[in-house]
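**Q** If you want the building blocks of each chain, they are given just below.
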Amino acid sequence: MLEWLSLALLAVGAFFFLAGTVGLLRFPDVYCRLHALAKADNLGLGFILLGLAVQADSLAAALKLLLIWPLVLAASAGVGFAIARRAHALGIAPWRKEAE
Amino acid sequence: MTSVFALAIALFLLVNLMVALLAAARGPTPADRMLMALLFGTTGTAVLVLLAAAGGGTPLVDVALVLALLAAIGGIAFAKRAWQGEEGGDA
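If you read the protein sequences in the order shown, they are chains A and B.
Each residue of the first sequence is one higher than the one before, starting from 1 at the first, in our numbering.
Each residue of the second sequence is one higher than the one before, starting from 1001 at the first, in our numbering.
Take the hints with a grain of salt, since some may be wrong.
Derived, one-sided and incomplete: chain B residues facing chain A with beta-carbon distance under 8 Å [said to hold, decoys possible]:
(1) 1029
(2) 1071
(3) 1076
(4) 1080
Stretch-level coverage of chain B by chain A, calculated; a stretch enters the list once three of its residues show a Cβ under 8 Å from a Cβ in chain A [stated by the list, open to error]:
(5) 1010-1021
(6) 1032-1045
(7) 1055-1069
Partial chain A-side listing against chain B, Cβ under 7 Å, derived [as the list claims (entries may be wrong)]:
(8) 2
(9) 3
(10) 68
(11) 97
I should point out that these hints are in silico values taken from the structure, not numbers from a laboratory.
Yeah, the Cβ is synthetic: ideal placement off N, Cα and C, and Gly gets one too.
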């Protein structure tokens, strides 16, 4: 039972990573791509860590796995903000839908 | 069975990473290349954790933690200091 739950969580995580990659390929400019990566990939990582934590050997090992997630969330929030602000300061214009 | 599945997902994430690397290489602005720092932080951490579950053992979880930390420091340091943009000559 627990094993199937773990497999399902891992599959959901892989799906969110796929969504992030599709967003990276399809979105028009750097700010949109940042949006795809920073959200979808971190959600996928959360599901994968949860899927591995439910079948960890001990409580300490599960907590250690789950502890990676807030660290990566804080890291990607900081890096995403730094990239977007630098891109804006360098004059990379945000994409707009062309008027018909 | 779980370890085989974890290995399969790690391989899938690696393929994702390769595709994203190609997309970033042809990206029009230096900012698109900077996205790889972000991507390696999350996807690399996921791959390492999955490899730890697939028989690599607990040390790989520590490696994943260190990679997450270094991705944060490296990405912010690069965006703040090293990246001068088009007119800087190193774009």
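**Q** Please go over all the hints and tell whether each is borne out by the structure.
**A** Tested hints:
1. 1029: Result: holds, 5 Å to nearest chain A Cβ.
2. 1071: Check passed: Cβ of residue 1071 (chain B) comes within 6 Å of chain A, closer than 8 Å.
3. 1076: Since the shortest Cβ distance to chain A is 5 Å, the answer is holds.
4. 1080: Since chain A brings a Cβ to about 6 Å from residue 1080 (chain B), closer than 8 Å, the hint holds.
5. 1010-1021: Since 5 is at least three, the answer is holds.
6. 1032-1045: With 10 residues closer than 8 Å to chain A, the stretch 1032-1045 of chain B meets the three-residue bar; holds.
7. 1055-1069: holds (count 6)
8. 2: 10 Å, violated
9. 3: 6 Å, holds
10. 68: 6 Å, holds
11. 97: Violated: closest Cβ of chain B sits about 18 Å from residue 97 (chain A), beyond 7 Å.
Hints 8 and 11 from the list above are not met by this structure, while the remaining hints are.
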